[in-house]
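Assemble chains A, D and E onto chain P, guided by the hints.
Number of protein chains: 4
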Amino acid sequence: MEEVRFCLIGAGRAGMLHANNIAFNVMNAKLTSIVDMDEKKLKEIGKELGVKNLFTNIDEALSKDLFDAVIIGSPTFTHHNYAVKCANAKKHIFCEKPMAVKVSEASEMIGAAKKNNVKLQIAFMKRFDSLYKNAKSIIDSGELGDPIIIKSLTRGPGLPASWYYDINKSNGLLAEICSHDFDSTRWFSVSNYKRVYAEAVNRKTPEIKKEYPDFYDSVVCTFKMDNDVIGTIDSTCPAHYGFDARTELVLTKGMIVIGGVKEEAILTCDIKGVIKGNAFKSWRTRFREAYIKEIRSFIDAVLNETTPLVTGDDGLAAVEIVVAANRSIKTGAPVEL
Amino acid sequence: MEEVRFCLIGAGRAGMLHANNIAFNVMNAKLTSIVDMDEKKLKEIGKELGVKNLFTNIDEALSKDLFDAVIIGSPTFTHHNYAVKCANAKKHIFCEKPMAVKVSEASEMIGAAKKNNVKLQIAFMKRFDSLYKNAKSIIDSGELGDPIIIKSLTRGPGLPASWYYDINKSNGLLAEICSHDFDSTRWFSVSNYKRVYAEAVNRKTPEIKKEYPDFYDSVVCTFKMDNDVIGTIDSTCPAHYGFDARTELVLTKGMIVIGGVKEEAILTCDIKGVIKGNAFKSWRTRFREAYIKEIRSFIDAVLNETTPLVTGDDGLAAVEIVVAANRSIKTGAPVEL
Amino acid sequence: MEEVRFCLIGAGRAGMLHANNIAFNVMNAKLTSIVDMDEKKLKEIGKELGVKNLFTNIDEALSKDLFDAVIIGSPTFTHHNYAVKCANAKKHIFCEKPMAVKVSEASEMIGAAKKNNVKLQIAFMKRFDSLYKNAKSIIDSGELGDPIIIKSLTRGPGLPASWYYDINKSNGLLAEICSHDFDSTRWFSVSNYKRVYAEAVNRKTPEIKKEYPDFYDSVVCTFKMDNDVIGTIDSTCPAHYGFDARTELVLTKGMIVIGGVKEEAILTCDIKGVIKGNAFKSWRTRFREAYIKEIRSFIDAVLNETTPLVTGDDGLAAVEIVVAANRSIKTGAPVEL
Amino acid sequence: MEEVRFCLIGAGRAGMLHANNIAFNVMNAKLTSIVDMDEKKLKEIGKELGVKNLFTNIDEALSKDLFDAVIIGSPTFTHHNYAVKCANAKKHIFCEKPMAVKVSEASEMIGAAKKNNVKLQIAFMKRFDSLYKNAKSIIDSGELGDPIIIKSLTRGPGLPASWYYDINKSNGLLAEICSHDFDSTRWFSVSNYKRVYAEAVNRKTPEIKKEYPDFYDSVVCTFKMDNDVIGTIDSTCPAHYGFDARTELVLTKGMIVIGGVKEEAILTCDIKGVIKGNAFKSWRTRFREAYIKEIRSFIDAVLNETTPLVTGDDGLAAVEIVVAANRSIKTGAPVEL
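Chains as they are written, first to last, in our numbering: chain P, 366 to 702; chain A, 366 to 702; chain D, 366 to 702; chain E, 366 to 702.
Calculated directly from the structure, the hints in this document are not laboratory data.
Any given hint could turn out to be false.
Copies of the same chain are indistinguishable here, so a pair counts whether it falls within one copy or spans any two.
[What the hints assert, rightly or not] No more than 20 Å apart at the CA atoms, straight line, and that leaves these computed lysine to aspartate or glutamate pairs for EDC-like:
| # | residue 1 | residue 2 |
| --- | --- | --- |
| 1 | 646 | 629 |
| 2 | 641 | 505 |
| 3 | 695 | 591 |
| 4 | 575 | 593 |
| 5 | 637 | 508 |
| 6 | 627 | 654 |
| 7 | 575 | 531 |
| 8 | 618 | 531 |
| 9 | 646 | 591 |
| 10 | 412 | 367 |
| 11 | 395 | 430 |
| 12 | 395 | 508 |
| 13 | 406 | 505 |
| 14 | 395 | 654 |
| 15 | 480 | 670 |
| 16 | 467 | 531 |
| 17 | 395 | 628 |
| 18 | 641 | 511 |
| 19 | 637 | 511 |
| 20 | 695 | 593 |
| 21 | 618 | 572 |
| 22 | 408 | 508 |
| 23 | 559 | 679 |
| 24 | 467 | 579 |
| 25 | 627 | 579 |
| 26 | 574 | 511 |
| 27 | 559 | 593 |
| 28 | 646 | 635 |
| 29 | 618 | 628 |
| 30 | 641 | 628 |
These numbers come from a predicted model, not from an experiment.
Pulled out of the complex, with its shape left as it was, chain P reads as follows (with noise of 0.2 Å):
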């Protein structure tokens, strides 16, 4: 294979951000086809992106010879069903997370890529941003000792759709926003949660909790992990204030402070004296670079026959954790992994 042909399985917010960069970012890639259940939203987007391959149905975008991989951006409650059809379809499959809602689920697809030899890689772009890519490499060289404490945070700006609301479907914060935190503290740590523990409440969304009581907008977590170190996670959303993404480590030789809350370096000060700045605004922004390299790396792990850098146990993990904080929340007790 030379090219890899792509599919997008959800023109959703995160979908059209890799179909963006398939189309103009990266080499030795090609968006043919797409599959999205909003027929108007499909052909606008077949318009835009110069996309002739238009499906409201999996099926049927599966049934002809158009990709060799797909991309799922589509609500979380569809990524197994997506993923199991097109695995066995021998399609290679770039997922976004998280990666599933029920544990089993995501166990599923990652037996379905294993049967079908599909390469499966999850969306953490996280690990390819320069930042937290640079602070791996400071805390693998050692200079600084072992981890002690990890503390992360993810705080998104605007709600997701309607689905996001039930918990039980959607999992919530914790799933859609954390499953990056959970994910970068393991990766940092090279280790699995052991026990995790978490607080929550809603307090910007209070039109939301009467229909859906179990609705959290902020929340706070602890964890230990299976080698001693342990962490907090924290998150709110809506943040309004921005998107914000940062991580810190306390080592046993010193510390590492992650990210900032400001956009750009540039100040200005008024007449008042008042100096100002600006927040990142989004996550579009802040990891568009990072957003570029995975999907790069998916196509080399493609091209090459390699393993990705962030599999399906990587899914998988995040979503053991989500579900367990989830229960925390519920029985109001630390929940073992």
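Chains A, D and E in isolation, oriented as in the chain P frame:
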């Protein structure tokens, strides 16, 4: 009264800092007496500070009319005894944190002060720090809405004396260091703790663990307040890299970051392009002004017969949280307050 | 025209950067030809970029209909010759800075482009950088009043090729590096230079000074604009510690600081409390996005037949200032423009 | 002598700051007398500071044995008269910057102090600031090589009293504010100025310009030292946005940035994503510690009979540069020193 005469009880690190501030940096105050059990140290310090009334025994010191107020800077487990005796002798009390080891002790200290009509102030100096005060006034102004998440950390460079190793006697890291964070989070949220959960490990001091198996040097907590504010506290001690005290809030209409790792606004860059700065080395320099302001505030409260800005009730609340968090570590479950 | 076919003239550092952007990062453009006098290098680069039309001579390249536009990335003293020939052959011109060595050459280049009705854009990429653009829009909004003082610096990590040592041929540091600052200050102030004064020294490269006694590696200038804006420019090259490009403005109602020394928002602190970060290593990474945006902008100007955002007149103005500042160094007096 | 008795001459902004430090923040010193021509103000301040010896005339004050040293905080054009009289009366002299208006006056002040064997210290408080001292020790260590370029700025929030408007009497902005920068750059480079060139404009205070056509409110300079260090100085006053004092060095093996615009390590971000902080409002807060340390240092020099850390020669050098830079503005040419 025009001038407050002071007796220092316990000439350790914090005690000496207060003694020096009274000698050189505050008005209307005079250090007249010192109580310390180490006779040699007592003589040296008396000479250094020009103080002639030196005692190894509190009762003897209290038997003459030498002072109006005491600074209790001795080990935590002695606070209760000194405070009750001084209150009964009608001396005003400025007591280092943590206020006491047991909740009952702290309650008795408050009772003794009330019965004898003397002032009792607890040394939570962060409340007098310009950064923390500035943040408090922004929060109270309401311009950024109500606090949702508060994250606070204090990390200390050096271990206290050996009496600190026995967690059952000292309450450990959570008491000696995180007391500040428990107090700051209460102050910012204007609420009390409802529940606390903690994870602790010993990663830097295995040599202490042998004799004191309960000893931990690193900890993370989550908490929930009565008013639904949630948050995290973390600490490590010894931090080696320096003294680190930072707090961050997510509010309904914005966020606040208080403090940074860097000591001074000076940056060097060497020929290899490595940019360097220095972390804060010590709480003495980081909170230098706050220490002066808190003792000035106490002197004002005594002279003007007003209520101190940090009361025994604030000290008691922190002890309650410390005890609860330590029980959480022991039981592996969240503890209600 | 639907696609702009490019010929790269001069496959040096800047030229190759543009060639790579055309190949991988822009739409509606194609690199079809390369001109470079080094035959061996020419073959290697042709292979690397998949370009088959390779020439050691511009006349030969122009004799066939292979391209619509050229990127002039060759040494400064060759710009005039290439630009005039290409203009006469009706090729659009994207020319690296400095535009030319002599003011008369720059004027002739503008004349040739005008006569032949081709686009001429000068590569002042800072105008396309998000930080500088952001600052420009704040200035233009008037919210901080009018600029009074502008201070700009660019410091480069490595020396250009040896043709650069002869100040009389290359105009030196002020041309090769400070051209950017001369352009940025003109852009921000919306005015032309009235007067410039410069001090220069050779402190790092005594070995070059032997053969080229006029050579300087460090410089500071003051300037006054027609509209009374005053300011300073400074540079050093080689900067060793990295690539450094910052600008600061004092306005009647405030101030603006653009850029910083640090490359990434990551900070480490070692066991000794030394906080470390990294300076920007290269203009390639610092202005990566700006380089892509400027070539995209040129392509748009060609396809849409609009005026480029940075014109030959801007290039000419910078050459005039460079020549004046170099004369100031020689004469020890301010030079009027 | 065990205690230095002080007389304050000129109870203006700087004078009162020193008087308060003597009263409250230094040991072994006492303010016993005040000289000020404004009788009403004199009485108020005497009451405020508890000082009973109040004079409107220096001769009267010197006629009794009331003090050992004087603080000269009166307008610049009066320094020479007061200093010479005090020296002849064997009083040690702590003199605010700028030392004098004319070079000859500064020389006479040095001569009078020498003849009478009294200490003479000039109030360049930046030399006692922890940031500047820290930078000085890094430079002197040689680890970053030798200074090549030094850029320094001081920008002041408010205009001095009206005597300052007449440049011929006060030497203006360059004297009142940039004296600090002239001194810091000399201190860092361990060299004297060889040449200075300045550009000045009046952009904020047209109302002053009417009566005082030479008045300027914004200035930039370049300079060259005897040891080939080159650099720039800039200032604006009134700066409106706050008090701003920063210095930056390029050295043969690295660079140093001293100071920042922001006052405190606190950052807020509102619901629109606007990050806010505050600029330094005043030199009083920015250099609070430095002001205490410089007066302590002077007292030590008097009590221990050692040479002050900032001498009359340093004051004289700054006056020479100020006069040269003002001549450069007038003549439009660089001025040799």
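Practice item. Against the earlier hints, flag every one the structure doesn't satisfy and list their numbers going up. Key: Violated: hints 8, 9, 12, 13, 17, 22 and 25.
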